[in-house]
Amino acid sequence: MKKLLIIVLVLGLVSCKKSGGFLDNQSVGITESQVFTDSARTMQFLIRIYADMGFSFNKGRWSSHGNTELSTDDAEYSFSGVTQCAVALYNGTLSPLIYYSDAQLTQLQDFWNVPYANIRRVNLLLSKLPTTPLSPAVQTRVKGEIKFLRAWYYSQLLISFGGVPNIEDQVFGIDDIINLPRSNFGELVTYLSKELDEAAALLPAPNALAPAGYTPEDYGHITKGACMGLKSRILLYAASPLFNGGSIATDEKVKTVVSYPTYDVKYWQAAADAAKAVINSGYYSLYEDNVTAAGYGFFKVFLLRINSEYILPFNRPANKDMESYYNPSTRGGSKYGMPSENLVRCFPMRNGKDIADPTSGYDPANPYLNREPRFYNSIIYNTSLYWLNSSNSKQPVLTFEGSGTADAFLAGSTTGYFTRKMCDDNTSQGGGANTERCWPLLRYAEIILNYAEAVNELGQVELAVEQINLLRKRAGILPGADNRYGIKSGIVQADMRDLIRNERRVELAFEDHRWHDIRRWKIAVAVNNGANTVMRITRSGTTYIYNPQPSIRKHVFRPEMYLLPVPDQEIRKMPLMVQNPGW
Amino acid sequence: MKKIFFYLLVIQVIAVSYAGAQSRVVNGQVSDSSGEAIVGATIVEKGFPANGTSTNASGNFKLNLKGTSNIIIVTNVGFIAREVAVGTAANTRVILKNAGNAAMNEVVVVGYGRQKKVTLTGAVSTVTGKELRENPTASLQNTLSGRLPGFFSQQSSGRPGNDGATFFIRGQSSYNNGSNTPLIIVDDIEFSYDQFARLDPNEIETLSILKDASTTAVYGVKGANGVVVVTTRRGSTRTPQISLRVENSLNQPTIIPHYLDAYETALLYSQAEANDNVPVISRRFRPTELDTFKNNLDPYGHPNVNWRDVLFKKFSKQYRANFDISGGSEKVKYFISLGYLNQDGILKDYSKNSDVRNNFYHNRYNYRSNLDMKITSTTDLRLDLFGNIGETNTPSVGSPFGYNDVFYDYSSFLTLSPFAYPIYNPNGTLGYSAAQRANSNYNTNNIIGRLTNYGFNRSYENNITLNAIANQRLDFITKGLSVKGTVSYASNYGYSRSQTRSSFPSFIYTPSTNTYEPRDANVFRITRYFAGYGAGSTIRRTNFQAMINYDRTFNRHRVYGLILMNQSSTQQFSSNSAYNFVPNNFRGFTGRAGYNYKEKYLFEFNAGYNGSDLFSEKNRYGFFPAVSAGWNISSEPFFSNNIKVVDRLKIRGSYGLVGNDKIGSGFNYFYVQTYAGSGSYNFGNTSNNFNGIAEGRLPNENVTWEKEKKLDIGLEFGLFKNKLNGTVEYFNNNRFDILTNRGTVSAVFGQALPPVNLGEVNNSGYEIELNYAGNIGKDFGYRLKGTYSVAKNKIVFQDEPSSQYAYQAYTGHSIGQQRVYQWTGTFYKDSADIAKSPRTLQTALPGDLKYEDLNGDGLINQFDQAVLGFSNVPNTTYGFQIGFNFKGFNISAFFQGAKNFNVRAGAEAIRPFSANLTEVHKYSWTPALGDNAKFPRLTLGAGVSDPLGNPSTFWFIPGDYLRLKTAEFGYTFPKKITERLKIQALKLYANGYNLLTWTKLDQLYELDPEILPATVNTTLTTDRVNYPPQRTFNFGLSVTF
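For the protein sequence lines, the chains are A and B, in the order given.
If you count the first sequence from 1, you need to add 3 to reach this note's numbering.
If you count the second sequence from 1, you need to add 181 to reach this note's numbering.
Treat the hints as calculated values from the structure; they're not laboratory data.
Any given hint might turn out to be false.
Simulated pairs of lysine to aspartate or glutamate, EDC-like, Cα-Cα distance not exceeding 16 Å [said to hold, decoys possible]:
| id | chain 1 | residue 1 | chain 2 | residue 2 |
| --- | --- | --- | --- | --- |
| 1 | A | K557 | B | D457 |
| 2 | B | K799 | A | D27 |
| 3 | B | K902 | B | D828 |
Here are some chain A residues pointing at chain B (derived, C-beta under 10 Å) [unchecked claim]:
| id | residue |
| --- | --- |
| 4 | I50 |
| 5 | V90 |
| 6 | T218 |
| 7 | F317 |
| 8 | G407 |
| 9 | D410 |
| 10 | G415 |
| 11 | D571 |
Residues of chain B placed beyond 10 Å of chain A at every Cβ, according to the derived structure [as the list claims (entries may be wrong)]:
| id | residue |
| --- | --- |
| 12 | Q753 |
| 13 | K1010 |
| 14 | L1162 |
Glycine included, every Cβ here is placed at the ideal spot set by N, Cα and C.
Input sequences plus hints: build the corresponding full structure.
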């Protein structure tokens, strides 16, 4: 009896243990096979790769505010704390360890991590694609799209770091030991242009109609044109002074990793050809409208979801993105990226002449008079009009010191200016309609500037002038009697180079170019050191007095900063990697 | 599970019928002279030394007599043995007289049972409920540090409802956050940290911490961080006793920084501008304005507000009342308790007139009903129902950057400088200033207006637990055998409500023109309130336990053991939809076998065999054994005959393996990979949003528990007739298989990798506890107690990528140590000094901190930061308790200290002009002060010396402190008076908490030394003042009827 009881008891305990699956996985997450055996989920996987495309352009890239434009001579921040990523890029504290030195600064790792995370996604999808239930035609198209996207993310790495590990189609597994060397710069450029050529061959032209092209519902997917456009950008970067024999590296091996070790004019030719290919394709044109108002096309193009100029739009629902980022406080915006006086001075006069030109007609006591239309479409300056929702009309923004508004110099504005570019000045963050618009990740104006820059380096100065004048015409600059839009005749290559660079700065301001451009031109030490100039305006009676003065935000740019330091731990983890020169 | 209870039922029925078949059975209870049951007393029939038993947890025994003498011999260590003639009564009561040796008969609570301290082979420290009730703070754990050797805590906040210290047993052994929290067991049921803090001390009988392998192995996979075991008070067989305790306290922050006034602040602001080479013309304050501040000539245009006085009360109130009733008969015993606690906030009540209570406060109601029922002579049933209802209020403040904390405003210079704005204008309206309005990120309206109008956020919680425990003695099978079944259900529900608004008018007054301008022309009235509701989540936990117990004494041999099955299931909300209300299941088997001979040679084996759904099938179960042994040397004749000074000496040791399943934060299966929704993108000529899917973290099928090998050696002794008692303990714990995020896999991999079991941390130290009790004459008694605990940990391996410089490696250092610049102790003198010093990344200016160039490359950059100082958790804590009683009076004081930890502050806690300025900023570097300065040069920017951007040892201050943690003065009325009042006992007392603090922190910071939370973080700083821990003065009255 006793023994029986014990046996029963023990059996009871044991039976509890075996009662089915008490400790089994009961989560309801989806698995890899559920994703890639389902066409809708496979396409959702593709969408995730698109979603990061604008990470660098994003004005809220770090801490939901700020990106690289605030580290340049173009703009100032409303924050100045040392743990703001944009501040760390300009104040001299940049180092291979900065990525880990503060919880906020870890966001700087996005330069490195976001591209590689998406490259893995591409490779994973590429490996699964043949087994997915997508139709062969869609499979081909998706293959083209993700090859482009992979090249896009690599191009972000290339311009920031030089040559980086090229993992091609590999998908690493948990047991893989990864110790990869950095790809040589030249090899990576060759790889990317080959990939883009292949992707272009798989993708429809932007103007093709369904079934050969995309249906209206698919607008926004990568096109052949985008592949050609990105190739133009990569080859132009590769031909630039920083990468074309201009590395500061002393070690030959490092030099090859981060650049073409010796200058060769053929790289400029390749860049020119790639840009020319886009131009010749006829897919794109500048969006021009000088009828509604001078330079209206330059204003309007940024407010159109679909336009003739965008090669790679970052598609957004109807939004107030730009108003939210850039509007002054009185309009409810967060005023990131307040333009510097340095940038303001780059805008020519209406006649196309530089303000430093004594014949330009520039009046320092009345600096905002008679500037070219892009100035009025890009900058909010003292007394300029902007939509004020409470009065249901455009009202002046007062940035002079002591204006009593939240926009006053030092109170709201650190530079005396706010950004207007890409904003719809008939609405504001504080109220008004949303705008159907995309972010311009790559647009035709850039291709024209790429072409002008390359042909100028090839000595074809007048061909470059022609290109620049296409932009100046669209901008609403007066052609002048000589039809040269303010460019003096007989301009020499060196002057033309400065002019192209200035034109690029003005045309592409706030489009995620300046930080890259001043580095690849190797001019950042000259232009991004010391302090930006800000415009302090005071009022005496009814007269405004303009006192440009240095900003309190001090920039330190040393030659090694032309390339970002590779995060130190990446070097530690992969001993085959080499650090960028000077770090 | 149901099956078990069916079997139990069957057994019960059989047992009842079977028991009647015995010829002569003696039932009884053994207690001491105060009526407390004695556990483990030995009962032997006279003339039949092999026929014996021992008393169970409630002091009861049962013995079948074989002879005819009808005499039993009752013995227990520390008591005078008695021979008792068994009469005809059904129940024999035996009262043993104390042999005057308290330490010998102490019973300690261990996992799933009790042990006499003398036969214990493990490391356990205990405090009694009585001691806990000397703690007037709202959270139970706040005075344990220093009282319990091996208990380490940090109380970083005093906010009502949130003032519980985080604590560890024997320090930290894992560098995973959240992986160091001890297991908390209340009446054999697992509790969460929050539930524990909410316990009412009035309900507690004892609180023990289990520290070594032998005591924690029974908890197997949950035991590696040590275990806190709480038993609650239960009824005993006596006439009903009613106790009432009422306490009123005054709370005051231990420290709130005193900020400089407007004149001094403005003066230092100008000094900073001068340091930054701002031309005089462009400076914020003209020299005449400084005079205006100094002489307070313009209270509206140039206000000088002491916000400390404006915002905070001198004292906040706390009220606590407890009521309990206990008693019982043979059949039913009960303990029923009710408790109420109200903690008020420190803010002045500006909202009084707006009919809304928006101060901080915390209300809590605790209830408990513990019932013990004797169903049959061999069956006991326990029914416990308890819980609490809580309500915690925080004011809605609308501070910048979403802090929503009035202490942020108080510490922020940019939000609330002494000259920010006048509180009220001459016409009585709320004041503001143009300068503050222009300061866009910090333009947050008048703080008094906000405190008056902005309303509150209030959270509610409701914890309820039900335990049902049946115990069946199976002496008919074999003596000393019993089975026990437990069912427990706990539910924890919370929700929140808010009533807030966001605007009201305030005005900027211009004295020169006597005009008022609204701060915001669009706000002309106070907006209406918005009601908010946040549905909280329910945490439900069910727990089943079935246990077979065996405990029998054969003559001089005692054999005992248990087998336990334990199964629990927890369901709760998860923001990750894949895990939302997915049960988190656990199942474990536990075994214990013990033997001792004459209570002299002690052996015990404990083991846990546990399974958890956190792991894949092949790694699901783990086995955790521990062995321990002890030797009561003082019981040996050769010792006791020769050494008279030493009354008691025991040496013991244990070694074993224990696990930890608190791996990473939250509940998820590391062994499966989940794809989840992530990101979205728009396509189409007309915008159409599509959601994305992303690959989740890779799976690690081999993931398993953290494990720890624990070694413990202890020495217990009693000297001078046991007046001096003590324990010395050494431990060495090796935690391994710590889940670690691979530090050596490059981001080029492109996907988050699962944590892998490969970390290793060594944690070793020692504890000393000394007690001395004595008396002078008849009426004057005194007690002294001291503890000293050290626990030092060292990271042995954490897959850290090899550092370029050895001094940068975290491996080899303590968990939580930080990488900082080493300050040389000097400041840059002048430009010549800067020119000849190593170059800094940012431009150094005279008065900046000078750092060591550790790698000697002539450049100060992050490669010169070394892992330095201590972590944020003290590695040493100590306490000293002293108590006297004279006639009815008692006085006690308890000092507690902690050593070897660092505090680092930044931003609004110290950085000038982010933070408001304190006294130390007056001694900022100037050429005249030179290296005698206490602070680097003042600047409006963030330069080389910045505490956040360039952390250095300058900002790293040892937080070492010593506190008068609690003190009590009480008077118990003599029996003569109480008898006349028809009450049993009456006591009046006053006690206090955190009464005095001595700290090294004040050389730089005006902060409480415990300000940093005890989390694992290698960049931990405190960035502002938060609600400081409280100093409490408490007055109480306790009556027993």
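Here is how each hint holds up against the structure:
no.: 1; hint: A:K557 to B:D457; result: holds, 11 Å
no.: 2; hint: B:K799 to A:D27; result: holds, 11 Å
no.: 3; hint: B:K902 to B:D828; result: holds, 6 Å
no.: 4; hint: I50; result: holds, 4 Å
no.: 5; hint: V90; result: holds, 8 Å
no.: 6; hint: T218; result: holds, 9 Å
no.: 7; hint: F317; result: holds, 9 Å
no.: 8; hint: G407; result: holds, 7 Å
no.: 9; hint: D410; result: holds, 9 Å
no.: 10; hint: G415; result: holds, 5 Å
no.: 11; hint: D571; result: holds, 7 Å
no.: 12; hint: Q753; result: holds, 14 Å
no.: 13; hint: K1010; result: holds, 22 Å
no.: 14; hint: L1162; result: holds, 55 Å
Violated hints: none; the structure is consistent with every hint.
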